[in-house]
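Quick note, the sequences are listed as chains A and B, same order. Numbered by the numbering used here, the letters in the first sequence go through residues 75 to 283 in order. Numbered by the numbering used here, the letters in the second sequence go through residues -3 to 514 in order.
Everything labelled a hint here was simulated from the structure, so no lab data went into it. It cannot be assumed that every hint is accurate.
Now the stretches of chain B that chain A is said to cover, found in silico as 3 or more residues with beta-carbon under 8 Å [to be verified]:
| id | segment |
| --- | --- |
| 1 | 294 to 308 |
| 2 | 327 to 336 |
Label pairs and their in silico Cβ distance ranges [what the hints assert, rightly or not]:
| id | chain 1 | residue 1 | chain 2 | residue 2 | range |
| --- | --- | --- | --- | --- | --- |
| 3 | A | V164 | B | V383 | 46 to 56 Å |
| 4 | A | R169 | B | A434 | 43 to 53 Å |
| 5 | B | P508 | A | R169 | 51 to 61 Å |
| 6 | B | A389 | A | G174 | 48 to 58 Å |
| 7 | A | G277 | B | G423 | 53 to 63 Å |
| 8 | A | E217 | B | A291 | 20 to 30 Å |
| 9 | A | G174 | B | E276 | 26 to 36 Å |
| 10 | A | V168 | B | R387 | 37 to 47 Å |
| 11 | A | G174 | B | E367 | 35 to 45 Å |
| 12 | B | G471 | A | R169 | 28 to 38 Å |
Far from chain B, some chain A residues (derived; all Cβ distances over 10 Å) [stated by the list, open to error]:
| id | residue |
| --- | --- |
| 13 | G174 |
| 14 | V183 |
| 15 | R224 |
| 16 | G244 |
Since we're looking at a predicted model, the values are computed, not measured. All C-beta atoms, glycine included, are put in the ideal place defined by N, C-alpha and C.
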Amino acid sequence: MSVPVRSVVFIVDDDASVRKGLGRLMRSAGYHAEAFESAEAFLVHPPADLPACLILDVMMPGLDGPALQERLEASGNLLPIIFLSGHADVPTSVRAMKHGALDFLQKPVEDHILLQAVEVALEGSARTRAESGEISGIRSRLELLTPREREVLEQVITGALNKQIAATLGIAEKTVKIHRAKVMHKMGAGSVAELVRLAARTGIEPAAR
Amino acid sequence: MKLRPLLFSIAFGVMLPRLTRAAEGLPGTPVVSGGIGATVCFSMIIAICLTLALIYGLVWLKQRDAWANVMFSLLAIGTAGMAGCELGMMRSVSTEAFGAVLRGYHVAVWVTIVGFVGFVRSHLKTDRAWLGGTVIGIRTLSLIPNFVGGAVSVNYRQITSLVRIPLLGEAVSVPVGVPNPWMLLAQFSLLLLLAYVTDAAVTCWRRGDRRRAVTVGGGLMLFISVGIIQSILVFWGLVRMPLSASVYFLGMVLVMGFELSRDVLNAGALSKELKAQRRELAHMSRVSVMGVLSASIAHELNQPLTAILSNAQAGQRFLAAPEPDLAEVREILKDIAAEDVRAGNVIRGLRAMMKNDPPRRERLDANQVIETVVLLLHAESALRNVVVQKRLAADLPMILGDLVQLQQVVLNLLMNALEAMDALPPGSGRIEVCTDAAEAGWVRIRVNDNGPGIPAEKLARIYEPFVTTKSAGMGMGLSVCRSIVAASGGRIRADNNPGGGATFTVTLPTHPSAENAV
């Protein structure tokens, strides 16, 4: 009667008892947990294709918590991180939060605080995954555009009229109209406003005028 | 107790002139008596003085900086010489013999005065050394008319006859002669000596050492005054009595000897105090190391607490389920108990290190000591990213020592090694702690690291207090280690490894009962 796993909570802590305790707490709240004894062990583990979060110990031999956070950040992994620290260390916590940590909690941690943080983290992870799904959809649609259509797109989102675009690009206004229709079609945009939103999601800047 | 020699000397000094004065009614009358009271008495003075001189001379040989002791010896030898000469004069039968002894007498007096000035200088710590120097100088000058110029001595130009008078039941010789005016010089030196002692006593009193000012300063002033009065009365022919300055000097010798013996007794108390202070220092050093380790100790405690809390709350959640998994809950409770024991051990170790109990001599397992300390340092070494390896010999003989102190030795050595790792690239530090019983009757503990080692110029001095190779070290750790190891009858040595890093070797005697076991 295995329930399909919908999310996963990773735990990285060098202390076996703490790993065991946290793992139990996650299971008692209905989460699926996977524990690792070191940052190195976690890094060689294949990333999960599920909403996930990471409960990370700060002080560990070898690669410590903040160092693992940096590695993940550098590799573009957007896993939400909840730090667990043995002692309040303001510089470490500030640094962790600046690097996008979701929370920085003190050991020993109360279950409702940790579980709430985990819930927020998993929701965030699911949202991020959905958003990144949407963005990769927009990106793949952008790929379909020809270079000229891309140029026209960058002009359209500035709010320029067809006549102005034609003048800027040195082509006939009629040609601009055709390109514009193709762009709207390929991008699946029903209006210029929607096209602007799609472009903004993928970071396309309006052309300089 | 301290007054007894003083009173005795005073009584003796006062009695003697009275006894002799009683005999004055018969000037020039030969007294025939078979008694030897004076001979016995003066021989005893000689014996006492020489014994004391020998004792304090030997003390000085052991402690070359105890100048008061050697000066006291000189004073006692001089006094013995004076007593010998006085006895010789009393027993002289010819004026020539009397004169020869009297001349020699002044040499003994000179020695006594040099010792006296030196003693007062080093014991009462007067700052007017020039006054003492002047006393010796004038006394030395007075030796010239004693030997040169044809007079009998500095006291008499001429001795015309000897008179026999009774003293302590014995007939003794007393001279009749013409006083030598140079005698004023010798007596002036005695007055200066009195001034010197008075000044020293006053200085001592002002400094706040009133007891010493009264017993030593006052005692010396009293005896010297009596001596001066007698020498004036006798040599200027005012009273007919034998010279007995050695009696007063014996009084001074006893006062000074008593004073010095206080120092010897104080040394015992001082050594006790030193021991207590060393213990206090070891405790302070332990507490301060614990302070340095507080963050990692807190971490060490926090881990079991974290495990306990998450286990307990997971257990509550499991029990709240419609069909609780009781097997899981049983496991949880078992783990909670184990974690509680773990936290308790951390606290126990910490409390032991903080305690300041008198050291005990007990049977210890060196391996156990090392295990405890390595556990205590677990978080610290993890934080510093240093690997601490143990190579502990199986069936190691038990050793004799104090558990806490020995833990402190191992802790200090390991902390030093950990801190030495700061000089290395992160993650490359290796510390090895091993035990073995290479030598019968001894257990060896070695702490060996791959750090930068100890600079050669500091290798011989690292055990001295306040000598450190760290940028922020007090330099107390190894000093404490050495005193602990020495108190346990062991040795400690440091060497730089040929391949880099340092090795500290502590060798400790095995427990007597371990001899049979090995």
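So, going through the hints one by one against the coordinates:
For the segment 294 to 308 of chain B, the stated coverage by chain A is satisfied: 12 residues place a CB nearer than 8 Å to a CB of that chain, which reaches the threshold of 3. Under the rule that three or more residues need a Cβ within less than 8 Å of chain A, the assignment of the segment 327 to 336 of chain B holds, with 4 such residues. About 29 Å separates the C-beta atoms of A:V164 and B:V383, a value inconsistent with the hinted range of 46 to 56 Å. Here the CB-CB span from A:R169 to B:A434 is close to 50 Å, well matched to the stated 43 to 53 Å.
The hint said 51 to 61 Å for the Cβ distance between B:P508 and A:R169, and at roughly 58 Å that hint holds. Checking the proposed 48 to 58 Å range against B:A389 and A:G174 shows it holds: the Cβ atoms sit about 51 Å from each other. Range check, A:G277 to B:G423: Cβ separation about 39 Å, and the 53 to 63 Å hint is violated. Taken as a hint, the range 20 to 30 Å is violated for the pair A:E217 and B:A291, whose Cβ atoms sit roughly 53 Å apart.
Taken as a hint, the range 26 to 36 Å is violated for the pair A:G174 and B:E276, whose Cβ atoms sit roughly 52 Å apart. A beta carbon spacing of about 42 Å between A:V168 and B:R387 agrees with the range 37 to 47 Å that was offered as a hint. At roughly 42 Å, the beta-carbon separation of A:G174 and B:E367 lies within the given 35 to 45 Å, and the hint holds. Checked against the hint of 28 to 38 Å, the pair B:G471 and A:R169 passes, with Cβ atoms roughly 35 Å apart.
The beta carbon of A:G174 sits about 24 Å from the closest Cβ of chain B, which is more than 10 Å, so the claim that it is off the interface holds. With a minimum CB-CB distance of about 7 Å to chain B, A:V183 fails to clear the 10 Å threshold, and the non-interface call is violated. Every Cβ of chain B is farther than 10 Å from the Cβ of A:R224; the closest lies at roughly 48 Å, confirming the non-interface assignment. Look at A:G244: its CB is around 60 Å from the nearest CB on chain B, clear of 10 Å, so calling it non-interface holds up.
Of the numbered hints listed earlier, those contradicted by the structure are 3, 7, 8, 9 and 14.
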